[in-house]
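Assemble the whole structure, with the sequences as input and the hints as a guide.
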Amino acid sequence: MNQLKKYLGIVWIIVGLAAGYYLLISQAIPKFTSAQAEDRIPAIIYAFILTPLIVGSFLIFGFYALKGEYDETD
Amino acid sequence: MGPSGEPKKLISVIAASSVGTLIEWYDFYIFGSLAAVIATKFFPAGNPTLALLSTLATFAAGFVVRPFGALFFGRLGDLVGRKYTFLLTLVLMGLSTFLIGCIPSYETIGFLAPVLVLILRLLQGLALGGEYGGAATYVAEHAPVGKRGFWTSWIQTTATAGLFLSLLVIITVKNNLSAEEFADWGWRIPFWISIIMVGVSILIRLQMQESPLFAAAKKAGTVSTHPLRDSFANRYNFKFVLLALLGATMGQGVVWYTGQFYALSFLQNTLKIDVAQASQLIMIALLFATPFFVFFGWLSDQIGRKWIMLTGMLLAVICYRPLYSAMYEIGISAGNGEIQPGLLLNDFQFWKMVLLVFIQVLFVTMVYGPIAAFLVELFPTRIRYTSMSLPYHVGNGIFGGLLPAIATYLSTRAIQMNDVAIKNGVTPTYEEPYLEGLWYPIVIAGISFIIGALYIKERKNLTE
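Order-wise, the sequence lines are chains Y and C.
For the first sequence, the positions run 1185 to 1258 when my numbering is used.
For the second sequence, the positions run 8 to 471 when my numbering is used.
Keep in mind that a hint or two might mislead.
The following label-pair restraints were derived from C-beta to C-beta distances [claimed, not checked]:
(1) Y/Pro1236 - C/Trp199: 34 to 42 angstroms
(2) C/Asn241 - Y/Pro1236: 16 to 24 angstroms
(3) Y/Val1195 - C/Thr434: 31 to 39 angstroms
(4) C/Leu86 - Y/Leu1201: 36 to 44 angstroms
(5) Y/Ile1209 - C/Gly349: 37 to 45 angstroms
By construction, these hints were calculated from the structure, which means they are not laboratory data.
From a predicted model like this one, the values you see are computed outputs, not experimental measurements.
The beta carbon of each residue, even a glycine, is placed where N, CA and C say it ideally should be.
So, in structure tokens, the structure goes:
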């Protein structure tokens, strides 16, 4: 189980990066340049709230998991 | 000094904590419950969708600042004590709410109106960020060993009860005024009522004593002098903060807001059910489901907290789309094949809808009933207020609080894209565009379930 938790650390890091790419590149940036005013609100939410929070949390969590910080022996 | 086992004292602790927390939730939710009216009062007319989204964004802003309130008041609570800190949050919340009810409309003062609403909404969020962690910690530190889940579950009922109370007050005010009077000035009354409730709650809370565990820690000199540093710069503690967020509160937050807020928004904005009937329907579902907070809190003392919370998340992930699809079908059949504004359900449809919302709130009670005890037991007394408040408010305030805005946006966008496709004679992209908003809670709760299942260790009935 401890090995699985460690390997999954890589998955969480990838999830963080993928979420960052999706939220920022695929969602936020096109919406900032959109002609529709109602697109700006989700763009702001994606770019300045969700992206840093999700990317930061998953990267650190994944790093900790990879380092074995969540092993059962704790 | 240790936790109090005297039932009488415990009941007064629960009552005093719960009443204040309930009022804070009431204050916080009347804004959401009145979103449709507020959109017309404080934002420029001409684009109702933009006005509603702006209102939802202002509503969401209150959630986004909750983690900052958690940090500020959590630190204060770990330094000077739980009692005085959550008295302060109550005063701040009461005043902000009252003042929202006093702001002149956009027509009268122009852009100053939405700016003032935003500022007061942010103050509400800060206050709530400090309140919940204090109340949960306070009650847990009074509860006897082995009964923390049960006793803290009463605090957990307050969020739902606050929403219930907000809907009840709004319906009562609406029923006693004409539609014009309510739209003109009557919507302000629920905001004004708050100041009376807060006043009563302050008087009750002034009678309370400091938490026995905190008082003992203070006497022994083991209280943290730097709660923020000890909570978040300490790697050992911070990894639990992250685990609490990603493996529990993130999923719990979206389940909570889907079951209670998105359900209401879906009934009112997607199915266009009459506002009073939709509110009534939600209130009945909440009323039937609320005892289950206490049940699952109690059950978590017996069999552990982790799997009750995670089962609630998993059920939500699996059932959301079928549940909302069934809700949509009821709306369609009530409107004879199409969605009609001001739709009224017949008795059978009404109770069927109540059942569908009740099931969602049941999931909420599973994830939310035991979570206060779970969070309290994850962190030591000296930094508990700070450490548990942050993941709770990030999970609920940000992941959960943004749900109405994000889900509404996703659904609206899918519907618009389908309309454009139909106009251009192309096959629409989305088969069920009104369900697109659900992907947000489904994905978040799904990830949270996996992390929680793999990484969280059962830690029930700890003595500290």
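Against the structure, the hints come out as follows:
Distance hint for Y/Pro1236 and C/Trp199: a CB-CB separation of about 38 angstroms, consistent with the stated range 34 to 42 angstroms. Separation of C/Asn241 from Y/Pro1236 is about 22 angstroms and conforms to the stated range, judged on CB atoms against 16 to 24 angstroms. Separated by about 35 angstroms at the C-beta atoms, Y/Val1195 and C/Thr434 satisfy the suggested range of 31 to 39 angstroms. A C-beta distance of roughly 38 angstroms is found between C/Leu86 and Y/Leu1201, which places it inside the suggested range of 36 to 44 angstroms.
In this structure, Y/Ile1209 and C/Gly349 meet the distance hint of 37 to 45 angstroms, their C-beta atoms being roughly 42 angstroms apart.
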